[in-house]
Amino acid sequence: NAGVMQNPRHLVRRRGQEARLRCSPMKGHSHVYWYRQLPEEGLKFMVYLQKENIIDESGMPKERFSAEFPKEGPSILRIQQVVRGDSAAYFCASSTSGDTGELFFGEGSRLTVL
Amino acid sequence: KNQVEQSPQSLIILEGKNCTLQCNYTVSPFSNLRWYKQDTGRGPVSLTIMTFSENTKSNGRYTATLDADTKQSSLHITASQLSDSASYICVVSTGEKGNNDMRFGAGTRLTVKP
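Line by line, the protein sequences are chains A and B.
Our numbering puts the first sequence at residues 108 to 221.
Our numbering puts the second sequence at residues 1306 to 1419.
It should be emphasised that the hints constitute simulated quantities derived from the structure, not laboratory data.
We treat Cβ as the ideally placed atom computed from N, Cα and C, and that holds for glycine.
Among these hints, one or two may not hold up.
Claimed, not checked - One-sided excerpt, in silico: chain B residues whose CB lies under 10 Å from chain A:
| # | residue |
| --- | --- |
| 1 | Q1311 |
| 2 | Q1314 |
| 3 | G1348 |
| 4 | I1354 |
| 5 | I1394 |
| 6 | D1406 |
| 7 | M1407 |
| 8 | F1409 |
Only chain A is shown next, with the shape it has when bound in the complex (with noise of 0.2 Å):
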């Protein structure tokens, strides 16, 4: 499978626990980009990312997120001390080019907060 690839689907965590959500873009794909869903609202823009590099985190929350792509290995999304208001499907995406190249989503992972 050549897809864009997110792990763990689900993830439980209890209120302050650590959540560590992972990504392996497509290959070829040098450009990722993680988004939230809510249940009944549609997808925000948290953070894009290139090799080693952040280069927009403006949607990310100032505290307790954040995310890395590193020179090896997948893009990680972290969120320390997990609240209830944490529950949500994270998403990301990957594409060759961050102009207005298309965008390839994985299947997401949700994580529940107890």
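Got chain A; can you put chain B on it based on the hints?
Okay, now just chain B, sitting in the frame of chain A:
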């Protein structure tokens, strides 16, 4: 107020019937408009992408139209099938920041019944 408004919020049609979904946007400037299909529990999949100069684009039984003057787009589905049941998301880009400046509508939830 969301810059991308979709209507109706939900729609139920019988298999074989046609339907049209609407998208109105206030995003400015305008670079391109995309329609995505999102099956329940899955990631969005691109259906069409249209730039300012294009006013119609087809992808099989899906036909998207764009009126950049009135800032309206529609997605017409012909001869619906059960597999068309999904959320359809309209996404508008300004082009100012590339793919990380995409504004997502909340989607129209389509249910096709036998």
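Do the hints match the structure? See the list:
The beta carbon of Q1311/B is positioned within 10 Å of a beta carbon in chain A (closest approach about 9 Å), and the interface hint is therefore held. Interface hint at Q1314/B: satisfied, since its Cβ lies 8 Å from the closest Cβ of chain A, which is below the 10 Å cut-off. Here the hint on G1348/B is kept, as its CB sits about 4 Å from the closest CB of chain A, short of 10 Å. With its C-beta approaching chain A no nearer than about 7 Å, I1354/B sits inside the 10 Å limit, and its interface hint holds.
With its C-beta approaching chain A no nearer than about 7 Å, I1394/B sits inside the 10 Å limit, and its interface hint holds. The interface hint given for D1406/B holds, since its Cβ lies 8 Å from the closest Cβ of chain A, which is under the 10 Å cut-off. A distance limit of 10 Å between C-beta atoms decides the matter here; for M1407/B the minimum to chain A is near 7 Å, and the interface restraint holds. A least Cβ separation of about 4 Å between F1409/B and chain A falls short of the 10 Å threshold, and the interface hint therefore holds.
Hint compliance for this structure: every hint is met.
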